[in-house]
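Chain by chain, the residues run as shown.
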Amino acid sequence: MTALEFSVVVCGLSALAGFLGALTGLGGGVVVVPALTLALGVDIKYAIGASLVSVIATSSGAAAAYVREGFSNIRIGMFLEIATTAGAIVGAYLAGRVSTHALAIIFGAVLIHAAYTSLAKGADGAHVVKSDKLATLLRFDGDYPVDGQREKYGVRNVGTGFGLMFGAGTLSGLLGIGSGAVKVIAMDRAMGIPFKVSTTTSNFMIGVTAAASAGVYLSRGYIDPRVAMPVMLGVLGGALLGTKVLVRAPVRTLRLVFGVVILALAIEMIVNGILGKV
Amino acid sequence: MDDKRLESIIGQLLRAGVLLSAAIVTVGGILYLVRFHAVPANFHSFVVGGADIRTVPGILRSAAQLNSEGLMQAGLVLLILTPVARVALAVVGFAMERDRLYTVVSLIVLAILAFSLTHAG
Chain A
1 MTALEFSVVV
11 CGLSALAGFL
21 GALTGLGGGV
31 VVVPALTLAL
41 GVDIKYAIGA
51 SLVSVIATSS
61 GAAAAYVREG
71 FSNIRIGMFL
81 EIATTAGAIV
91 GAYLAGRVST
101 HALAIIFGAV
111 LIHAAYTSLA
121 KGADGAHVVK
131 SDKLATLLRF
141 DGDYPVDGQR
151 EKYGVRNVGT
161 GFGLMFGAGT
171 LSGLLGIGSG
181 AVKVIAMDRA
191 MGIPFKVSTT
201 TSNFMIGVTA
211 AASAGVYLSR
221 GYIDPRVAMP
231 VMLGVLGGAL
241 LGTKVLVRAP
251 VRTLRLVFGV
261 VILALAIEMI
271 VNGILGKV
Chain B
1 MDDKRLESII
11 GQLLRAGVLL
21 SAAIVTVGGI
31 LYLVRFHAVP
41 ANFHSFVVGG
51 ADIRTVPGIL
61 RSAAQLNSEG
71 LMQAGLVLLI
81 LTPVARVALA
91 VVGFAMERDR
101 LYTVVSLIVL
111 AILAFSLTHA
121 G
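If you're matching them up, the sequences are chains A and B in order.
Going letter by letter, the first sequence gives residues 1 to 278 in this note's numbering.
Going letter by letter, the second sequence gives residues 1 to 121 in this note's numbering.
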């Protein structure tokens, strides 16, 4: 395969990654890593570096649109980001000290359960919660567009959410992937935040979390421009398209897409855990 | 300054940053493909690159010489900095809103980011 063919193929696959990443709040790593390593035989280190680039490209590319539309909640994102970035540092410290094989398999099993509930729930499950004390104190209440009107929502279980975000950060520091899934699940399930607000706020957060580990990857040489260039440009294009779709798409459809993508992520985790690739 | 206005300013600056980095990467990518399009793409085994793609001064030097890989990498570094800029802007924005709680929250996130970016090793 020539450099031109490689660039075109990677750009196309990355567009799909960016599209799914922007829709689900998961970033593009789920698609980019297996596409590069399994389909194109790229070394895992280049793939990890490209995956980091894809996550930031999805996050920043989609963010401009989401912030303007008023979906993502910057207070919730910023507050929870303390837990995620601190967790990421702990995870990076633990890396090499704990067995990640077993962890990847357990995490995969948890994701299969989350995928099952996401797919089975299907319907919106719209339940507007009233903010509890801590969430009110932190001014997490917000509103977001539903059918052209702004709908108010409250937030609960801030402590549980904060703890889960710390876990998400630790996992991403240890496994290098998958923090977006825990973020969306924590906000959607534990904190009662509307699904679109959860995915778009996760989308804001994954970029910040990824940037925290970018320095390490850059200095280790994992980010090679010949691989990352088509990834970035493809992901950006896909993410911009994804934001346009998310704004109009029914929550039911988004939950289905989310369920399928985290199921794929779960299988990836378990296979990698069994093969000892993480 | 309220939340909506702050978010819209952050959104616009973010957009500008992303577009600029995409433009730089595109120019670098075109130069790279014009020159190396027929070269076999071989990334099967990892080889650590030189300082011109691994350190910021090296990348900037290489980009200033209009080296294709340096240009692409400079655009990528700019992209990596967009989330950091976003947090920094939130600090300023919340401070202008006189929202002490969230100024501190954003400052903590910025501090953690700065810590992990400078402790790259």
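Check each hint, because a few of them may be wrong.
Estimated spans, in silico, between C-beta atoms of each pair [stated by the list, open to error]: (1) B:ASN42 x A:GLY12: 15 to 25 Å; (2) B:LEU13 x A:ARG248: 42 to 52 Å; (3) B:VAL48 x A:ALA120: 23 to 33 Å; (4) A:THR136 x B:VAL104: 15 to 25 Å; (5) A:LEU38 x B:PRO57: 29 to 39 Å.
Keep in mind the hints are simulated off the structure, nothing from the lab.
Source: prediction; values computed, not measured.
Yeah, the Cβ is synthetic: ideal placement off N, Cα and C, and Gly gets one too.
Inset, instruction - Kindly indicate which numbered hints from before are broken by the structure, ordering the numbers from low to high. - result: Hints 2, 3 are the ones this structure does not satisfy, whereas the remaining hints hold.
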